[in-house]
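J.: Model the full assembly from the supplied sequences, consistent with the hints where possible.
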Amino acid sequence: MPADPKSEYILELENVSKYFGSVIALRDVTVRLRRGEVHCLLGDNGAGKSTLIKILAGCHRPSEGVFKVDGEPLALKSPSDALDRGIATVYQDLALVPLMSVARNFFMGREPIRRVGGVFRIFHREKAEEIACAKLADMGIKVRDAEQAVGTMSGGERQCLAIARAIHFGARVLILDEPTAALGVRQSANVLRLIARAREKGISVIFITHNVHHAYPVGDSFTLLNRGRSMGTFRKGEIQRDQVLDMMAGGLEMQKLMAEFGVRV
Amino acid sequence: METIQPDPRPPEPLPTNDAQRTEETNGGAAPKIVPPPPGAPPPQPPADERLRTLSTFHRVMGRPESASIAGAVLVFVVFALSASDSGMFALDGVINWATVSAYLGIVATGACLLMIAGEFDLSLGSMIGFTGMMAAIPPLFYGVPVWIAMLAALACALLIGWVNGQLVVRTGLPSFIVTLGFLFILFANRTIVSGIGDLAAQDPVASFLFSGTFANDLFTWAGKHGWITTLDDGRPLVRGIPKVILWWAFIAVASSYRLTHTRFGNWIFAVGGDANAAKNVGVPVRRVKVSLFMFTAFCAWIFAMLQICDVGSAAADRGLQKEFEAIIAAVIGGTLLTGGYGSVVGATFGALIFGVVQIGITYTNVNSDWFRVFLGAMLLVAVLFNNQVRKRVTEAR
Numbered sequence: 000m001p002a003d004p005k006s007e008y009i010l011e012l013e014n015v016s017k018y019f020g021s022v023i024a025l026r027d028v029t030v031r032l033r034r035g036e037v038h039c040l041l042g043d044n045g046a047g048k049s050t051l052i053k054i055l056a057g058c059h060r061p062s063e064g065v066f067k068v069d070g071e072p073l074a075l076k077s078p079s080d081a082l083d084r085g086i087a088t089v090y091q092d093l094a095l096v097p098l099m100s101v102a103r104n105f106f107m108g109r110e111p112i113r114r115v116g117g118v119f120r121i122f123h124r125e126k127a128e129e130i131a132c133a134k135l136a137d138m139g140i141k142v143r144d145a146e147q148a149v150g151t152m153s154g155g156e157r158q159c160l161a162i163a164r165a166i167h168f169g170a171r172v173l174i175l176d177e178p179t180a181a182l183g184v185r186q187s188a189n190v191l192r193l194i195a196r197a198r199e200k201g202i203s204v205i206f207i208t209h210n211v212h213h214a215y216p217v218g219d220s221f222t223l224l225n226r227g228r229s230m231g232t233f234r235k236g237e238i239q240r241d242q243v244l245d246m247m248a249g250g251l252e253m254q255k256l257m258a259e260f261g262v263r264v
Numbered sequence: 000m001e002t003i004q005p006d007p008r009p010p011e012p013l014p015t016n017d018a019q020r021t022e023e024t025n026g027g028a029a030p031k032i033v034p035p036p037p038g039a040p041p042p043q044p045p046a047d048e049r050l051r052t053l054s055t056f057h058r059v060m061g062r063p064e065s066a067s068i069a070g071a072v073l074v075f076v077v078f079a080l081s082a083s084d085s086g087m088f089a090l091d092g093v094i095n096w097a098t099v100s101a102y103l104g105i106v107a108t109g110a111c112l113l114m115i116a117g118e119f120d121l122s123l124g125s126m127i128g129f130t131g132m133m134a135a136i137p138p139l140f141y142g143v144p145v146w147i148a149m150l151a152a153l154a155c156a157l158l159i160g161w162v163n164g165q166l167v168v169r170t171g172l173p174s175f176i177v178t179l180g181f182l183f184i185l186f187a188n189r190t191i192v193s194g195i196g197d198l199a200a201q202d203p204v205a206s207f208l209f210s211g212t213f214a215n216d217l218f219t220w221a222g223k224h225g226w227i228t229t230l231d232d233g234r235p236l237v238r239g240i241p242k243v244i245l246w247w248a249f250i251a252v253a254s255s256y257r258l259t260h261t262r263f264g265n266w267i268f269a270v271g272g273d274a275n276a277a278k279n280v281g282v283p284v285r286r287v288k289v290s291l292f293m294f295t296a297f298c299a300w301i302f303a304m305l306q307i308c309d310v311g312s313a314a315a316d317r318g319l320q321k322e323f324e325a326i327i328a329a330v331i332g333g334t335l336l337t338g339g340y341g342s343v344v345g346a347t348f349g350a351l352i353f354g355v356v357q358i359g360i361t362y363t364n365v366n367s368d369w370f371r372v373f374l375g376a377m378l379l380v381a382v383l384f385n386n387q388v389r390k391r392v393t394e395a396r
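First to last, the protein sequences are chains A and B. According to numbering that gives the first Met the number 0, the first sequence is numbered sequentially starting from 0. According to numbering that gives the first Met the number 0, the second sequence is numbered sequentially starting from 0.
Treat each hint with caution, since some may be false.
[What the hints assert, rightly or not] No more than 25 Å apart at the CA atoms, straight line, and that leaves these computed lysine to any residue pairs for SDA-like: (1) A/K76 / B/R285; (2) B/K278 / A/R113; (3) B/K278 / A/R171; (4) A/K200 / A/F233; (5) A/K53 / A/P78; (6) B/K278 / A/D80; (7) A/K126 / B/V93; (8) B/K278 / A/I112; (9) A/K53 / B/A253; (10) A/K76 / B/N275; (11) A/K141 / A/V115; (12) A/K134 / B/H260; (13) A/K141 / B/R62; (14) A/K134 / B/T261.
[Stated by the list, open to error] From the derived model, a few chain B residues whose C-beta atoms are all more than 12 Å from chain A: (15) R169; (16) A200; (17) V372; (18) R389.
Bear in mind the hints are in silico, worked out from the structure with no lab data behind them. Since we're looking at a predicted model, the values are computed, not measured. Idealized CB from N, CA, C, for every residue including glycine.
T.: In structure tokens form, the structure reads like this:
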């Protein structure tokens with residue numbers, strides 16, 4: 000865990016609103032991320048999750064409200080500004096190139112360099128492969144061959160690779176955008192395990208999902224979004240999974256649907 | 000540094016293909032239906048279940064250049080059987096087809112790198128004629144020193160490459176259309192100017208870089224000992240290695256090194272493989288693409304300079320269809336038309352196949368018109384093969 004808790008919270012959004020023209024994407028949302036916790040942002044489609052991520056990642060600036068990092072209010076200028084402060088976002092598209100090898104993807108844009116004869120700057124492939132394998136193994140993922148193309152990996156493995164890469168390049172805060180959305184059950188479990196392991200390393204995680212069953216086992220606190228508003232933040236002990244589910248618009252809809260079909264809940 | 004927690008669990012074996020597929024069909028979408036993820040994985044067969052040892056053959060065939068190397072070997076075997084007594088593999092014959100291959104190989108290298116980065120340059124052929132004229136006209140008509148005219152032509156080529164690149168990366172238009180525009184723009188002038196060869200031979204810079212042959216002394220010396228064929232007056236039939244072959248070797252080796260062993264090379268693959276992903280991890284996508292357009296223009300300039308010094312004249316149509324031949328050589332060499340995959344070694348062998356067949360066919364009894372038929376067939380085979388490679392790499396799970 001990082002020492003020196005200047006603030007109990009590593010990231011804070013206070014009463015943040017975001018407007019796009021006449022559209023109110025977010026209104027008065029408050030999210031606080033404690034150091035070393037997994038904070039789940041739950042919401043159905045259109046709840047404002049994507050807008051919230053983009054604010055956290057530095058793509059958008061809030062129209063109103065305060066954004067604090069380590070207790071200090073600031074405005075992120077760009078995604079790379081966020082990255083420099085240790086806030087890494089793993090988007091759904093993962094930013095991986097399928098035709099390139101695991102090692103080349105891992106170090107894409109930040110390749111390790113070896114100097115030969117003082118002049119030639121050579122891409123240090125052995126080192127890249129070694130580190131990529133070690134870091135993935137660290138996360139409990141066995142890579143068969145660091146030279147294998149990412150295109151041959153499964154969706155879950157790719158997700159893990161993207162997360163491991165973000166952690167390796169100094170992420171203190173990891174923002175995961177629906178990391179389990181496209182995955183099967185067992186692969187999702189792998190990703191959830193990885194999130195837990197990131198927390199063990201002292202990394203704070205914001206886990207965005209619409210799947211309560213994925214959020215509940217791994218999350219320490221939950222913020223529910225519905226139609227651009229926050230429906231509150233709850234610690235794990237304070238709320239049951241079913242309650243979370245009910246509070247989400249989707250939960251209610253599903254109950255209605257089940258009632259319609261005559262299924263007993 | 001962070002402390003690494005020892006993992007209490009053994010690494011979880013990953014599910015097999017089939018199991019995974021069926022699960023994916025019920026996973027994810029509907030929140031109510033998905034059961035909570037299992038705490039402990041069910042017992043699985045040993046963790047190596049997904050590790051398949053590929054045979055050496057598979058590994059070798061998985062590399063982009065191997066098909067073109069195999070093709071080159073095949074071509075050599077065919078000609079060795081059909082034209083072995085015709086002088087095709089005598090020293091002058093070798094120089095003959097090596098020169099043709101070398102000219103193409105120079106521009107194929109540029110086209111190959113650009114294709115790996117996901118773009119085309121159809122203005123390549125016109126650029127050859129254009130820069131040749133640019134370098135030839137000022138010395139012939141205005142008395143400008145040849146090397147200055149050549150430098151000016153280079154500057155002009157790089158500028159046009161830069162404009163091509165900027166147009167493509169700024170507008171997002173397909174490079175096919177943008178460079179097709181320049182194909183016609185640069186092809187404006189149809190005149191032929193001759194006499195530049197003699198001027199270039201007198202110019203110390205131009206003659207050192209582009210004129211004539213290399214290692215003449217070695218060949219003269221070998222001729223004296225009777226190891227190579229000589230003319231009646233004792234001079235060797237082949238006076239030396241044409242400089243174009245040296246340029247080809249230099250450009251191919253340097254580019255291959257650049258592609259596979261440097262940071263920039265990794266960026267080329269990344270930009271061609273998925274420009275958006277590359278941008279998101281901080282690769283300067285625009286800079287990479289624009290510099291490769293400029294490199295392709297540079298290759299065209301080298302081609303043109305060598306050609307005007309060799310032929311002695313310049314004309315706008317000198318590079319006619321070279322843009323297609325360069326792309327064909329790259330494709331035969333395993334470079335994907337969609338970018339992100341390929342090798343300079345492959346393009347080099349592609350160019351070699353091209354030269355050997357084009358010249359070799361004249362040593363046989365076959366009508367040389369069949370060359371184009373062969374070329375088209377070769378291209379189709381290569382594209383089909385490459386498509387298989389791409390499928391295997393991107394769609395396998």
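J.: So, for every hint listed, does it hold in this structure?
T.: The hints, checked one at a time:
Between A/K76 and B/R285 the alpha-carbon distance is near 21 Å, which keeps this suggested pair within the 25 Å criterion. Of the pairs offered as hints, the one joining B/K278 and A/R113 holds, with about 24 Å between alpha carbons and a cut-off of 25 Å not exceeded. Distance hint between B/K278 and A/R171 is fulfilled; the C-alpha atoms sit about 22 Å from each other, no more than 25 Å. Between A/K200 and A/F233 the alpha-carbon distance is near 23 Å, which keeps this suggested pair within the 25 Å criterion.
Pair hint A/K53 plus A/P78 holds up; C-alpha atoms about 9 Å apart against a cutoff of 25 Å. Proximity of B/K278 to A/D80 is assessed by CA-CA distance (about 15 Å); at most 25 Å being required, the pair is judged to hold. Straight-line distance between C-alpha atoms of A/K126 and B/V93 comes to about 42 Å, which puts the hinted pair past the 25 Å bound. Distance check on the hinted pair: B/K278 and A/I112 sit about 20 Å apart at the alpha-carbon level, within 25 Å; holds.
For the hint linking A/K53 to B/A253, the alpha-carbon distance of about 42 Å lies beyond 25 Å, and the restraint is violated. Proximity of A/K76 to B/N275 is assessed by CA-CA distance (about 20 Å); at most 25 Å being required, the pair is judged to hold. Restraint check for A/K141 and A/V115: not satisfied, since their Cα atoms lie roughly 32 Å apart, outside the 25 Å limit. For the hint linking A/K134 to B/H260, the alpha-carbon distance of about 22 Å falls within 25 Å, and the restraint holds.
The straight-line distance between the Cα atoms of A/K141 and B/R62 is roughly 24 Å, inside the 25 Å bound, and the hint therefore holds. Distance restraint check for A/K134 and B/T261: the Cα-Cα separation of roughly 22 Å lies within the 25 Å cut-off, and the hinted pair is therefore satisfied. Every beta carbon of chain A lies more than 12 Å from that of B/R169, the smallest distance being close to 20 Å; the non-interface claim holds. Distance check on B/A200: its Cβ is at least 34 Å (rounded) from any Cβ of chain A, clearing the 12 Å threshold; non-interface status holds.
Remark: the non-interface label on B/V372 is consistent with the geometry, its nearest Cβ contact in chain A lying 32 Å away (cut-off 12 Å). Not every beta carbon of chain A lies more than 12 Å from that of B/R389, the smallest distance being close to 8 Å; the non-interface claim is violated.
Comparing the model with each earlier hint shows violations of hints 7, 9, 11 and 18; every other hint is respected.
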